[in-house]
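Peer 1: As you go down the protein sequences, you meet chains A and B in turn.
Take 80 as the starting number for the first sequence in our numbering and just add one per residue.
Take 8 as the starting number for the second sequence in our numbering and just add one per residue.
There may be inaccurate statements among the hints.
Stated by the list, open to error - Now the in silico label distances, taken between C-beta atoms and shown as ranges:
1. G123(B) / R85(A): 46 to 54 Å
2. H143(B) / S286(A): 38 to 46 Å
3. A17(B) / N139(A): 53 to 61 Å
4. A75(B) / T227(A): 33 to 41 Å
Think of the hints as simulated: they come from the structure by calculation, not from any bench.
As the structure is a computational prediction, the values presented were derived from the model and not from experiment.
We put the CB at the ideal spot given by N, CA and C, even for glycine.
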Amino acid sequence: MPLKRRQIAWRAAQDLANGAYVNLGIGLPTLVSDFLPADREIVLHSENGVLGVGPAPGDNEVDWDLINAGKQPITLVTGGSYVQHTDSFLMIRGGHLDLALLGAFEVSEKGDLANWTTDDPGFPPGVGGAMDLAVGAKEIRVLVEHTTKAGAPRIRRQCRYPLTAASVVRRIYTDLAVIDVTAEGLVVRELVEDLDFTALQAKTEASLRPASDMKALRAPAV
Amino acid sequence: MIDKRVRSLAEAVAGIPDGAVVLCAGFGGAGLPDALCEAVIEQGARDLTVVANNAGTGRSGLAALLAAGRVRRIICSFPRSSGSVVFEELYAAGGIELELVPQGIISERMRCAAAGLGGFYSPVSVGTRLAEGKEHREIDGRMHVLEKPLKGDVALLSADRGDRWGNLTYRKSARNFNPTMAMAANLSIAQVRHIVELGELDPEMIVTPGIFVDRLVEVPG
Chain A
80 MPLKRRQIAW RAAQDLANGA YVNLGIGLPT LVSDFLPADR EIVLHSENGV
130 LGVGPAPGDN EVDWDLINAG KQPITLVTGG SYVQHTDSFL MIRGGHLDLA
180 LLGAFEVSEK GDLANWTTDD PGFPPGVGGA MDLAVGAKEI RVLVEHTTKA
230 GAPRIRRQCR YPLTAASVVR RIYTDLAVID VTAEGLVVRE LVEDLDFTAL
280 QAKTEASLRP ASDMKALRAP AV
Chain B
8 MIDKRVRSLA EAVAGIPDGA VVLCAGFGGA GLPDALCEAV IEQGARDLTV
58 VANNAGTGRS GLAALLAAGR VRRIICSFPR SSGSVVFEEL YAAGGIELEL
108 VPQGIISERM RCAAAGLGGF YSPVSVGTRL AEGKEHREID GRMHVLEKPL
158 KGDVALLSAD RGDRWGNLTY RKSARNFNPT MAMAANLSIA QVRHIVELGE
208 LDPEMIVTPG IFVDRLVEVP G
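Whole structure, please, built from the sequences with the hints as guidance.
Peer 2: So, in structure tokens, the structure goes:
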């Protein structure tokens, strides 16, 4: 069974290191905040100027002065702080964040990221903080559904859509697999149990190879 | 005596010329000077260039200024969001020019103007369409593009507390672009939830010192 969106987020959350400063992009990556491992302290950064993003507030606790990059209401954890926007992006560009988890339209086999425009004239482009994050965080990982709704592969030899940044993505979490971008190409670390490798390759434009210790990709019902 | 307080929104936005570059603070609705945006409609300035992170939501605030046809060009990182109906209609009809700038580059370009600098080299956007036409330069083995300062004729700001000197404090993530925009314009105008007596703001807590603020008007909310 392919993972559901919340399960992709759960899987990505399992790899977060204790003490890491992490930015979550809008969309699928934002869901990661629901699954932070309880045994680790992880500090979430929001580009609009929040360090230490907490869980969503209860209905009676919403404060519209306290929102995340997706303009959803949030809370602040104990120890959290507010900074002005310029300093928030100094954190991003200056290599102060350990990791950014981003969404994507497409990722290439070289780790190129395309996530800001599809060139659809009816759909104005929006770059937001994606280009700053893509070149500034120490590591970039992507959460993305393996194919489009129409079944087209999102992991490609080259991105068809305009790039956000070249050669920045190091790991890709999809509903079917966990894939590392390496100097030798794309390596599948984990694969869902009821799909064989050939079937995964058929849903992927770029060439994949299995890791020597490839594992089953499993996530609890969340 | 220094007293930057004004009594009305009309007085706050008086004198904004046609064609002005207007820095509009806020991220989504947080820290957005919605009352000042709407006051500019009454004031009458047109042919404006607005610099803002988003292009307004719903029909009020910045979206109302766009809907009134006063904005020729918007410099923005993320114009489309849930409820950005006015911008989307204008964009589809060719009724507004969009200059898309990576979000951190917008604020750093304004900071650069505020600091009296001529620009900076940044690795952001290298190898993408947004770097086209920009001067490229390799620094310590990494390619950068030249980004130029972005100065406002006017900044529209939203703060939580302010005093007659123009010292400002903010609440939570509503701080966002306000401090940088306050510093980066020739005329900085703040709507403030509470105007307090000089001396009430703890000097350790003042985020925007009054030197960067020209007018403030109380807008409870």
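Peer 1: Okay, G123(B) versus R85(A) on CB: inside 46 to 54 Å?
Peer 2: Given range 46 to 54 Å: holds, Cβ gap about 49 Å.
Peer 1: Does 38 to 46 Å hold as the CB distance between H143(B) and S286(A), or does it fail?
Peer 2: Violated - the Cβ-Cβ distance for H143(B) and S286(A), about 32 Å, lies outside 38 to 46 Å.
Peer 1: Starting from the range 33 to 41 Å, see whether the pair A75(B) and T227(A) falls in it by beta-carbon distance.
Peer 2: 39 Å, holds
Peer 1: Per the hint of 53 to 61 Å, is the separation of the Cβ atoms of A17(B) and N139(A) within bounds?
Peer 2: Between A17(B) and N139(A), where Cβ atoms are some 37 Å apart, the hint is violated.
Consistency with the previously given hints fails for numbers 2, 3, ordered from lowest to highest.
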